[in-house]
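**Student:** The primary structure of each chain is shown beneath.
Protein chains: 2
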Amino acid sequence: MLIGAQWVTGTGPEVRSWDPRTGEPLDPAYHYGGDEEVARAASLAEAAFGPYRATDSATRARFLDRIAEEITARGDAIVQRAHRETALPPARLTGEVARTTGQLRLFGETLREGSWQGARIDPALPGRTPLPRPDLRQRRIGLGPVAVFGASNFPLAFSVAGGDTASALAAGCPVVVKAHDAHLGTSELVAAAVRAAVEACELPEGVFSLLVGDGPELGTRLVTDPRIRAVGFTGSRAAGLALVRAAAARPQPIPVYAEMSSVNPVVVLPGALAARAGRLGADFVASLTLGAGQFCTNPGLVLVLDGPGLDEFLAAAAKAVAANGGATMLTTGIARGYAERRDGIAGRPGVTELARGASGEGAACGAAALFTVDAAAFLADPALHEEVFGATSVVIRCSGTEELTTVLRGLEGQLTATVHAEPEDHALAAALLPLLELRAGRILVNGWPTGVEVGHAMVHGGPFPATSDARTTSVGSLAIERFLRPVAYQDVPAALLPPVLRDGNPEGVWRRVDGTLTRD
Amino acid sequence: MLIGAQWVTGTGPEVRSWDPRTGEPLDPAYHYGGDEEVARAASLAEAAFGPYRATDSATRARFLDRIAEEITARGDAIVQRAHRETALPPARLTGEVARTTGQLRLFGETLREGSWQGARIDPALPGRTPLPRPDLRQRRIGLGPVAVFGASNFPLAFSVAGGDTASALAAGCPVVVKAHDAHLGTSELVAAAVRAAVEACELPEGVFSLLVGDGPELGTRLVTDPRIRAVGFTGSRAAGLALVRAAAARPQPIPVYAEMSSVNPVVVLPGALAARAGRLGADFVASLTLGAGQFCTNPGLVLVLDGPGLDEFLAAAAKAVAANGGATMLTTGIARGYAERRDGIAGRPGVTELARGASGEGAACGAAALFTVDAAAFLADPALHEEVFGATSVVIRCSGTEELTTVLRGLEGQLTATVHAEPEDHALAAALLPLLELRAGRILVNGWPTGVEVGHAMVHGGPFPATSDARTTSVGSLAIERFLRPVAYQDVPAALLPPVLRDGNPEGVWRRVDGTLTRD
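If you read the protein sequences in the order shown, they are chains A and B. Position 287 (the first sequence) corresponds to 287 in the UniProt record's numbering; numbering is contiguous. Position 83 (the second sequence) corresponds to 83 in the UniProt record's numbering; numbering is contiguous.
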């Protein structure tokens, strides 16, 4: 564990990450921490919050850039270790390192651009009747120390120095990360990179800590520590909801941004099906089996209308699934859970198994599977609406647009919703889009939902249970807003105002003056 | 009750508003509605949501302006009725009508300006390596039907067509209001104004409904109706927390914006005390007794340092309180609760009563009161930290800046925090401001917290328990963001994109293109 400036070994039970290909435990052994470690990390984070949030945007941007540099410098070691712990291919992990450092740099840019502060000025109107108007200015400030829970499926981009950490640090909030047991060694390497950046930038040690501990126990302790003021989480619905409940039960409740569960419906409209059924089937399965199906945005449901091209689409998809050689999943537990859920789907009423891939080898292998069901059977069976974490998907055959609409209306909140459409489908697509908008954070046309671009316009979020808070995103520069709140300053003398709100716009950022955006 | 286009009388128990001056019930009698009325209003709201959110900004701005016009046209009747129901002076109520219509027009302007939509565009980069970048665009859309609970103390500005209703309607969300029992007649008049605007603008009837019913019962029913997607509330801590809990326990939890409880600390620094003690004492009591002390931003705590001017300040404040003739409170229940809390404060250990005003006449009269206590006794007694709704304030005498800081650190979240400071106090003020920022939504210097300007830079909100969600404001144009969430569109053809995201910027609004704000 890293608590502020100190590397610490817990006094709790031993824990190791495992090689999912062999099922063998990996060196070194780690030890769980407990209440004491949570308290020390939270206390250091609280102490760091004041000086850290007082740093200017440029200082924090340099810090984020430096973390990116430190990660890049350790890139080979990180990829090697992450490969052993997760069985994800080195090329994918190399890409994920680049994505993680790019994400940190994006928040650096966002800080330098400056409008994240949400500066607003309504100048005084001393002559206004019946009452003069005071001078009112507004900016956003950080919420306080943030607890971050890394995800198993992105050991870098959604973990120790992933999106939640980057956006919280950008917002001026110290971060306490709970390492995921499945990649403890990777977590340690990345924590060392962050620590090196803290030191190089001469920031208070409490800006960043990494804890190792029992998920429910240490996690709950962390989320209920009064010094923690917000939570970022990516993981299962059950674990996410437990944190949401723990946070809501605090004497002072705090926001929890939990990304939990999504089946990412894909609607293939008749024109698209008729025009490119074979290609669609193959592309669909490529998206489904990418990364052993272990993406939050994995296409778990495909909605099709009976008609020309459907048989060809199903045949192409079935062929691709059958040809799939299987893949090593992240952990043996995940592989076991996946197999149970997949085989559970196979046994539901009205479900037909179209194809199953090979199992592959090793302790954590997962075989892809493809099922079909008609709309009526799908609508009658809530079990089919739930996420299967892995390369399993269900094609829902709808008799017409009315049934298609009914199925879409019955879906829970999603991270993504995709439509495949040719120009002749646009009228139908236009009718469906409002439905999809209300159920998903991202709408795609003629693409596949896996692959989440890190940029300014991305939304990786969506209505419950995709996330616990649909008003936000966990990927992209908008995520900085999750850890901020507005504060107004009334008639505060210039000497006491934060620089961004002073006359003359010393930071040169966009501000809303009397309601109008300006850089004057 | 108004359910969509229909005026309906409930079948539940009779309920009347009362004249708080006489304690007499007022005509007409109303009747509580129940589950059936909630279901009908929610169902109409859900049906209206689709077409209503599809209207453009200009249409919704005209609608808000029209509500303002309809309220203005009924202004005399509204003021007359509200005066009978609340005992608030006609001049104050006339001002509140203007504030309410001004608030509606402010959201109209906000809609026309257009950046509320949060448009962001990251254009495709087909040549990027290793992977091309898709075309990604983002905007914000409304959450869905919103339940609004009016406050007793602002029968217009925080009630049927108050800030929550205005911001939700601006965001494209239909509104179902639960009328406050204390001003049913005023609620009916204002609902008629909104209904007239709905009709004049040819909007779907479900855009607005007004329900009358038992607070805990109908309120809970409304908040747990699956068609309601967010809640705005202003009122007591107990009632607010009950709604927060009910919303969190839904199968699909929803955001609750509850403004609940604040004691609004005022810190008088030594230079200010020495320079203008008498004036400060008189101004403080004027703020304290305004509107019978029934403001959310009423100054309930004053922190002073022992030193020159303190005796004069206390004497001036005590004199003003003693000279206060009392005032009729909003309801007999509020007056009873106020007297109990005030007299409870009087009996706490270490508390000295400095002055008490006259009781005034009538069933709902309240006498102002001023107490002092030393910092140690205050810190030891949680009862002194809680809001007293009415004209009671406690002056905390601190022996030095360390004790002052300790008291401030021990305070809960607040709507406002005020500092009185002369230039020689600025060093101390600068040290205190970061503490206050973390505990309040608005910082004032050399003013008094009562009086909440409606503008772009206002924050009326703050950390728990001031509100249930500090990331937002209930007053000012930023409030529109409470009822919005972001949606991203990936590779969506121009014909299917919402206009605000199309190439060429057809709406001419500010958009963030590749991270840069532009109107091009």
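It is worth saying that the hints were derived from the structure and are not from the lab. Idealized CB from N, CA, C, for every residue including glycine. Any given hint might turn out to be false.
[To be verified] Derived DEER-like restraints, expressed as beta-carbon distance ranges:
# : chain 1 : residue 1 : chain 2 : residue 2 : range
1 : A       : Gly127    : B       : Thr59     : 31 to 41 Å
2 : A       : Ala238    : B       : Ala427    : 50 to 60 Å
3 : B       : Asp520    : A       : Glu386    : 25 to 35 Å
4 : A       : Thr406    : B       : Gln6      : 20 to 30 Å
**Student:** Confirm or reject each hint.
**Tutor:** Each hint, compared with the structure:
no. : hint                              : verdict
1   : Gly127(A) - Thr59(B): 31 to 41 Å  : holds (35 Å)
2   : Ala238(A) - Ala427(B): 50 to 60 Å : holds (52 Å)
3   : Asp520(B) - Glu386(A): 25 to 35 Å : violated (45 Å)
4   : Thr406(A) - Gln6(B): 20 to 30 Å   : holds (29 Å)
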